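Protein chains: 2
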Amino acid sequence: MSTPQAKVTPISGFPEFLPAERIVEQRFLDVIRETFELHGFSSIETRSIEPIERLSSQGEDADKEIYAVSRLAGGGDEEARWGLHFDMTVPFARYVLENSGKLAFPFRRYQIQKAWRGERPQEGRYREFTQADIDVVDVGQLSPHFEAEMPLVIADVFSKFPVGEFVIQVNNRKIPNGFYQGIGLTDVIGTLRIVDKLDKIGPEKVKALLVESGATPEQADQCLALAAIRTDDLSFVDRVRALGVEHPLLDEGLESLTEVIRTGMAHAPGKLVADLRIARGLDYYTGTVYETQFIGHESWGSFCSGGRYDALASDGRNTYPGVGISIGVTRILGLLIGSGLVTASRSTPAAVLVALKDDASREEAVAVATELRRRRIACEVAPSAAKFGKQIRYAERRGIPFVWFPGAGGSGDEVKDIRSGEQVPADASSWLPDPADLVPAVTRIG
Amino acid sequence: MSTPQAKVTPISGFPEFLPAERIVEQRFLDVIRETFELHGFSSIETRSIEPIERLSSQGEDADKEIYAVSRLAGGGDEEARWGLHFDMTVPFARYVLENSGKLAFPFRRYQIQKAWRGERPQEGRYREFTQADIDVVDVGQLSPHFEAEMPLVIADVFSKFPVGEFVIQVNNRKIPNGFYQGIGLTDVIGTLRIVDKLDKIGPEKVKALLVESGATPEQADQCLALAAIRTDDLSFVDRVRALGVEHPLLDEGLESLTEVIRTGMAHAPGKLVADLRIARGLDYYTGTVYETQFIGHESWGSFCSGGRYDALASDGRNTYPGVGISIGVTRILGLLIGSGLVTASRSTPAAVLVALKDDASREEAVAVATELRRRRIACEVAPSAAKFGKQIRYAERRGIPFVWFPGAGGSGDEVKDIRSGEQVPADASSWLPDPADLVPAVTRIG
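Chains as they are written, first to last, in my numbering: chain A, 15 to 460; chain B, 15 to 460.
If you are wondering where the hints come from, they were derived from the structure by calculation, not from laboratory data. Here the structure is a predicted model, which is why all the values come from computation and not from measurement. Errors might be hidden in some of the hints.
It does not matter which identical chain is meant; a pair holds if it fits inside one copy or across any two.
Stated by the list, open to error - With a cut-off of at most 25 Å between alpha-carbon atoms, the simulated PhoX-like pairs for lysine-lysine come out as follows:
| hint | residue 1 | residue 2 |
| --- | --- | --- |
| 1 | K174 | K128 |
| 2 | K219 | K116 |
| 3 | K404 | K116 |
Using the sequences and the accompanying hints, generate a full structural model.
Take a look at the structure:
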């Protein structure tokens, strides 16, 4: 419809892809969804809005990033108390409480949706973005083996999409928690938050901050020594033991992390490391925590994080503990596409353009297209009966690999691979393209 | 995370599905997407927000239905001028203008996204809903054959999803336009709007309104006679001619509608009717217009509508004419699922539950699951080594058809179809379920 000459500029932090880039995104989302489903996770989608009081109970940073939603013509009615969700966890918790009588526990769900945060946009940080979450929640108790299962699913996803080499870093919050208490530090959360800055400010400054917050230089050194432990096998246990600290929570954490890493070594070899520096800022994690980095792109930070929590939600009668992990889809794609590292071979799903001899033969061309589609070959009919050279350029511009000529071979049809120029007889009821050409190829460059 | 005891009630007009219902929705969306892609439409997604002045330029009803979006902590900054989009057309028009230099025209795109309208919720009307749109837009001129192509795509979608029998009603705005002018009525849009009320208020009242607006009783009868014409072949032309009205625009419209119906008869027999009552309220349609009804559920109204427009957008230099059609996904599903007409056979993608003999054999069970997944069979491992009867009930509750017993046959595994009770030897590297059990079945009831 005719729109006025209003500005058509992008809005910072609200990314949009061109068709070929969108094909990369779709492929990534398809891999994520198929993998989540192969692992037996059920899809849910929650509404985009939640009551603001539910969103803003989630901690200091949440409030100022919330987008409020209200009817433009509504005035001060109830809707002014809604906000767009900023993650999948708050709506999922509410969904579990609302439907607890209709769900089968342990409940394995995945959720791939947009979320919104009013933060300052920067490279890889968006105000509107897609996240892909898996969680397993149970009622009352959650079996610990689920903490070992999560990274296997993530390793499976990233093994199927051309992101390059990656590593899932795992820790257990009980390890620093027990360790800090074992050396006489009582402010566990405060200490974690300082150690969490290691990547940003380095060990010198972390030590200074720890001492400033009341630790002795020896205690600070012990904290740094723990955080420096990173192994791709079970040797982290001996290295922690060598620091000579004893605490029951530390024992529990080491045992639990051993199970996670042992499972990873068996079923996703080379993909998991025990990294005792990983903490996750959020204070609701109580057990295993995860982060993920791309090797060679560590400065991009973690693309996929999560952990175990004792209470996703509670309705007074029941508590719902769980474990979950979240893939930052838009963040990953923004960086991979923005850096030109991943591309699609064409800008349309069509593998074939059916050429038009003349306007009168459109019906014949549509019949060919219908037959190809019946056999799941995506195609389109040329928009006009232009010269064949022009029709071939139409296909070229979009990256469509094949042009079909109905009746070109006298009694039969012919199909041309416009990359090689090779043209051969073909029958729409039996011809198949190379499987690699059937759908757009999404590949990593370099 | 632990949330306070805030209310967990649904929000009217913001529907959410349970996992089995979501499987129905996913299947429908998969059919729509696959069909759109087979017909060579490229996917795009636009951001959820647009500047409010762009949204509110779209006509009288739009304004009061817009949801405004602003940072909760933002005060009066620029973001207060954004709103959630209420359809895909406004954002698509802006996307075309913004990216016109990077798109290949004619541009065939599909867009499956959520939209938001602050209208009063009622059966089949939602405030948050998913739409699936296809459009073809070109620069300057659009070839008329695209108007015949749109309903073929829609017929293809609805033939593959168990919605029951449907009919696509087609008209061309030039027919009533030319006809009204031919009988001496000059307020074409006003007359269309009155005739458009036929379904709601009946012919008597429509005639009264027409006379009230200045038509003679004879003119009003002519309008009603035109609107009563509905044929599933080309005989509508003779029936219009029999009314004895002449106008060049009427000739153009009849010729164009003949092409659309002729194409439908050839490639989607029985799915299209020429229905000269169809008008579409929106005044930007200039040629073919479409509506779709389910037979036996006419009171549900149209689920899929659209038409041809001369100017999707204009940037001063170029105008972008196009033709499009939009499927009301949430509307269809809300009614089909709400009426119990379509269901899924299970609430999880998993086809197999791998049973656990004891806790020590979890690694063996995970290895079976990994092998099944490698072969694209969705499965999960039992959450605990409970008695087998309890593990089978776990599968039953979710509708998982098969339970796998590693090592049950002495040296080998066995798999049980828990519906028939039949248990047979099986090897995870070669066993395949019946294709009908591989993914959840989505079926129409009655």
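Intra/inter-copy verdict for K404 and K116 if alpha-carbon distance must be at most 25 Å:
Result: close only across copies, 19 Å inter versus 59 Å intra.
Indicate which option fits the pair K174, K128 if close means a Cα-Cα distance not exceeding 25 Å: within, between, both or neither.
Classified as within: same-chain Cα gap 23 Å, cross-chain 28 Å, threshold 25 Å.
Within a copy, between copies, both or neither: where do K219 and K116 come within 25 Å Cα-Cα?
neither (51 Å within a copy, 48 Å between copies)
Of the numbered hints stated above, the single one contradicted by the structure is hint 2.
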